[in-house]
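All chains, please: the whole structure from these sequences, using the hints.
Now for the letters of each chain:
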Amino acid sequence: MVPFWLRCADAWRAVRTYRLRAVFCSLSVALGVGAISIIVAATEGAYKQAYDMVDRFGPDAMLIFGESEEARATGRREKNITLEDVEALRQAFPTAYLVVPMSSRWDMIVAYRNRKHQTRLTATTADYSRSWSWPVTEGRDLTEQDVKGLRNVALIGRTIVQELFPDEDPVGKSIFVRNVAVQVVGVLEERGSTGPGHNLDDRIVMPITTAMKKILNEKDRVQAVRMRFVDATRMEHFEAEVRAFLRKRHGLQERQPDDFRIVSPREIVKFLVALTGSLVVFIGITGLLSLVVAGFVLANLFLLSVNERTPEIGIRRSVGARRRDILAQFLLEAVTLTAIGGILGFGIGVLGGPLLKNVAEFPMHFSWKAFAVGMVTATLVGVIFGMQPARKAAAVHPIEAVRKGS
Amino acid sequence: MSLCVLEDVRKTYILGDVRVDVLRGVSLQIEPGEFTAIMGPSGSGKTTLMNILGCLDVPTQGRYILAGKDVTHMSDDELSRMRSEHIGFIFQSFHLLPYATALENVLLPTLYLERRLDGRKKRAMELLALVGLEDRAGFKPSQLSGGQQQRVAIARALMNAPRLILADEPTGALDSATAKDIMTLLSDLNAQGTTVVVVTHDPEVAGYARRIVRVRDGMVVEDRQTVSETTERRAHGAVLA
Numbered sequence: 001m002v003p004f005w006l007r008c009a010d011a012w013r014a015v016r017t018y019r020l021r022a023v024f025c026s027l028s029v030a031l032g033v034g035a036i037s038i039i040v041a042a043t044e045g046a047y048k049q050a051y052d053m054v055d056r057f058g059p060d061a062m063l064i065f066g067e068s069e070e071a072r073a074t075g076r077r078e079k080n081i082t083l084e085d086v087e088a089l090r091q092a093f094p095t096a097y098l099v100v101p102m103s104s105r106w107d108m109i110v111a112y113r114n115r116k117h118q119t120r121l122t123a124t125t126a127d128y129s130r131s132w133s134w135p136v137t138e139g140r141d142l143t144e145q146d147v148k149g150l151r152n153v154a155l156i157g158r159t160i161v162q163e164l165f166p167d168e169d170p171v172g173k174s175i176f177v178r179n180v181a182v183q184v185v186g187v188l189e190e191r192g193s194t195g196p197g198h199n200l201d202d203r204i205v206m207p208i209t210t211a212m213k214k215i216l217n218e219k220d221r222v223q224a225v226r227m228r229f230v231d232a233t234r235m236e237h238f239e240a241e242v243r244a245f246l247r248k249r250h251g252l253q254e255r256q257p258d259d260f261r262i263v264s265p266r267e268i269v270k271f272l273v274a275l276t277g278s279l280v281v282f283i284g285i286t287g288l289l290s291l292v293v294a295g296f297v298l299a300n301l302f303l304l305s306v307n308e309r310t311p312e313i314g315i316r317r318s319v320g321a322r323r324r325d326i327l328a329q330f331l332l333e334a335v336t337l338t339a340i341g342g343i344l345g346f347g348i349g350v351l352g353g354p355l356l357k358n359v360a361e362f363p364m365h366f367s368w369k370a371f372a373v374g375m376v377t378a379t380l381v382g383v384i385f386g387m388q389p390a391r392k393a394a395a396v397h398p399i400e401a402v403r404k405g406s
Numbered sequence: 001m002s003l004c005v006l007e008d009v010r011k012t013y014i015l016g017d018v019r020v021d022v023l024r025g026v027s028l029q030i031e032p033g034e035f036t037a038i039m040g041p042s043g044s045g046k047t048t049l050m051n052i053l054g055c056l057d058v059p060t061q062g063r064y065i066l067a068g069k070d071v072t073h074m075s076d077d078e079l080s081r082m083r084s085e086h087i088g089f090i091f092q093s094f095h096l097l098p099y100a101t102a103l104e105n106v107l108l109p110t111l112y113l114e115r116r117l118d119g120r121k122k123r124a125m126e127l128l129a130l131v132g133l134e135d136r137a138g139f140k141p142s143q144l145s146g147g148q149q150q151r152v153a154i155a156r157a158l159m160n161a162p163r164l165i166l167a168d169e170p171t172g173a174l175d176s177a178t179a180k181d182i183m184t185l186l187s188d189l190n191a192q193g194t195t196v197v198v199v200t201h202d203p204e205v206a207g208y209a210r211r212i213v214r215v216r217d218g219m220v221v222e223d224r225q226t227v228s229e230t231t232e233r234r235a236h237g238a239v240l241a
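Same order as they appear, the protein sequences are chains A and B. Going by the UniProt record's numbering, the first residue of the first sequence is number 1, and it counts up by one from there. Going by the UniProt record's numbering, the first residue of the second sequence is number 1, and it counts up by one from there.
In case anyone wonders, no lab produced these hints; they're calculated from the structure. Glycine residues also receive a C-beta, built at the ideal position from the N, C-alpha and C atoms. Careful, some of the hints might be misleading.
Pairwise CB distance ranges, derived in the manner of DEER restraints [stated by the list, open to error]: (1) Ala-395(A) - Pro-41(B): 27 to 35 Å; (2) Val-23(A) - Ser-75(B): 33 to 41 Å; (3) Phe-4(A) - Lys-122(B): 18 to 26 Å; (4) Trp-5(A) - Thr-12(B): 38 to 46 Å; (5) Phe-282(A) - Ser-75(B): 49 to 57 Å; (6) Ala-177(B) - Phe-296(A): 28 to 36 Å.
If you want the footprint, here are the derived chain B segments under chain A, 3+ residues with CB under 8 Å [as the list claims (entries may be wrong)]: (7) 21-32; (8) 51-61; (9) 107-121; (10) 188-198.
Below, simulated SDA-like cross-link-like pairs (lysine to any residue); rule was C-alpha separation at most 25 Å, straight line [what the hints assert, rightly or not]: (11) Lys-121(B) - Asp-325(A); (12) Lys-122(B) - Arg-13(A); (13) Lys-69(B) - Leu-3(B); (14) Lys-270(A) - Met-53(A); (15) Lys-173(A) - Lys-214(A); (16) Lys-69(B) - Ser-42(B); (17) Lys-140(B) - Glu-308(A); (18) Lys-121(B) - Lys-214(A); (19) Lys-392(A) - Lys-69(B); (20) Lys-122(B) - Lys-214(A); (21) Lys-79(A) - Glu-267(A); (22) Lys-248(A) - Arg-72(A).
Laid out in structure tokens, this is it:
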């Protein structure tokens, strides 16, 4: 048998000869494949971003907000979780190695000497930095004594260091939070932002006991509880258990909706993928349409080519080519062209992807997967739309073909 | 054993309602090493006869046995295989692939050969040297003269070492001097043992053959040995060389 590469070399000669056909076929396929690889890259990018966020959130973590879905949607403030709930959760879930209550306020004025800054106050316990895997880089962390003793101490984020202590070491200094004097005991590591307006470093962290009594005027309600579990693979199970537990504690009937909201890694992924979905559908339809158009372009150009090359088919048949050899030859030419289109298309995707990213701030991730999907699609277009012309070529009777040449 | 045996071969084409009997009972045997010219006016059925000899077509009735194999009822694939193994075609208008070089054209038949052919490129170069075109191996047909193109076609016909060379008006598109060269080349090949069948209406071309079969109205009307002076001299010369 003849080695396959000889057949490829043979097809390649024809591909190079009929240049106009080659250019139109591969360019039209390239556009479609470009769109397809952008889809794959976008989907992959979305998943990657989702998993990055899950990583930051903590794959073993869960956040329980003390407000119902309805309250959240209407912007009504609710605080349905009490410190007793938090204590009960801690007792009931020994598999949770951290149970950390949290309350936040956005409009907190902090002051040092003549400098002022509005920031976010997070009231929590000594486990806060551990629960977010957020280390204290200068000074010390909050301790249980700070919490139990209602001490006026605080951790501050990088932004507050910049705003209040541009050329001083903040650790040990006293600042005012509203009108309460608080000592800065530590600085949290720089975290950056998760998007516009979400500067994680713009915050001050205080013992929840101190903050509730002296600043927030809150007796026993907290905004949220963060829990981290030993076994990250069973998060769905834990989520269901926590939900059932809280519903029972809050005395909810079966018909009543939750008066709290649980955010888990699974939901983060769902949310991001849904966000990507509409764009994927749009580009997907465009891409498929252009691939079908490309396929018809290819089929037509190849039919013309088969007519034009009838003498060639006759020559090949007379020197011993079987029908299937002719079929294979034209299919190979078609697939060669669409494969070139596939490679071009991936290039178009890689170059065009960032443009979309600028418009939609869209995460895109080009990997071998996007390339593979593009190439498979391109090959399929070649085989499917090249089949009819190739069959026509194979059906040409050698006598007709030879006669046409003379 | 005869190379080609035609037994009462008939070929009928149905064109619409019209029945055309192109061959009406041709019986013919061609022995290995022969140089045969099939002559006849146009419409006599000589091209159809050649198509059947070359396994491009099969008889409607009768039998055709090539190299000991009955090809009468062979499938399309089997016929292709017979062409690939046993037959080398030379056409009036050369029929080279326009986009392939001389060498690539000579190599074309090996692409469809089922047996392994070692040193295919070397053999192709040797054949190009045999037809005097070793320095034109990289040329496209459009860069070659008509005579040179027909020489490439002859080299291609020889590539798979066929038992039978079938030439359909091989000099029809060439001037007389070039035609002479081509026929001399075919005679030389025949002298070296290749069986050659030439289909022509040109007596000058037929003059190179040692046997002339005349066809008229789909039947053989004359079949005679003609040891012409030139062919005999050539044959002896080749043997002596």
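Structure-based check of each hint:
Distance hint check for Ala-395(A) and Pro-41(B): the Cβ-Cβ separation is about 33 Å, which falls inside the suggested range of 27 to 35 Å. Look at Val-23(A) against Ser-75(B): about 39 Å separates their beta carbons, and that is inside 33 to 41 Å. Hint check: Phe-4(A) to Lys-122(B), Cβ distance near 22 Å, so the stated range 18 to 26 Å holds. The hint said 38 to 46 Å for the Cβ distance between Trp-5(A) and Thr-12(B), and at roughly 45 Å that hint holds.
The hint said 49 to 57 Å for the Cβ distance between Phe-282(A) and Ser-75(B), and at roughly 52 Å that hint holds. At roughly 52 Å, the beta carbons of Ala-177(B) and Phe-296(A) sit outside the given window of 28 to 36 Å. Given a C-beta distance limit of less than 8 Å, the hint that chain A covers the region 21-32 of chain B is violated, as 0 residues qualify and 3 are needed. With a cut-off of 8 Å between beta carbons, the region 51-61 of chain B has 4 residues touching chain A; three or more are needed, and the interface restraint holds.
Coverage of the region 107-121 of chain B by chain A holds [criterion: at least 3 residues with CB-CB distance below 8 Å; count 8]. For the region 188-198 of chain B, the stated coverage by chain A is violated: 0 residues have a C-beta nearer than 8 Å to a C-beta of that chain, whereas at least 3 were required. Between the alpha carbons of Lys-121(B) and Asp-325(A) the distance comes to roughly 21 Å, so the proposed pair stays at or under 25 Å and holds. Proximity of Lys-122(B) to Arg-13(A) is assessed by CA-CA distance (about 21 Å); at most 25 Å being required, the pair is judged to hold.
Of the pairs offered as hints, the one joining Lys-69(B) and Leu-3(B) holds, with about 10 Å between alpha carbons and a cut-off of 25 Å not exceeded. In summary, the hint linking Lys-270(A) to Met-53(A) is supported, as the alpha carbons are separated by about 12 Å, within the 25 Å threshold. With a CA separation close to 19 Å, the supplied pair Lys-173(A) and Lys-214(A) stays within the 25 Å bound. Using a Cα cut-off of 25 Å, the hinted pair Lys-69(B) and Ser-42(B) is violated, with the two alpha carbons roughly 30 Å apart.
Note on Lys-140(B) and Glu-308(A): the hinted pairing holds, with a Cα-Cα distance of about 19 Å set against a maximum of 25 Å. Taking the CA atoms of Lys-121(B) and Lys-214(A), the gap is near 95 Å; set against the 25 Å cutoff, the hint is violated. About 30 Å separates the Cα atoms of Lys-392(A) and Lys-69(B), which puts this hinted pair outside 25 Å; it is violated. At roughly 98 Å between alpha-carbon atoms, Lys-122(B) and Lys-214(A) are farther apart than 25 Å, so this suggested pair is violated.
Under the criterion of a C-alpha separation no larger than 25 Å, the hint pairing Lys-79(A) with Glu-267(A) is consistent with the structure, at around 22 Å. At most 25 Å may separate the alpha-carbon atoms for a hinted pair to count; Lys-248(A) and Arg-72(A) meet this at roughly 22 Å.
The structure shown violates the earlier hints numbered 6, 7, 10, 16, 18, 19, 20.
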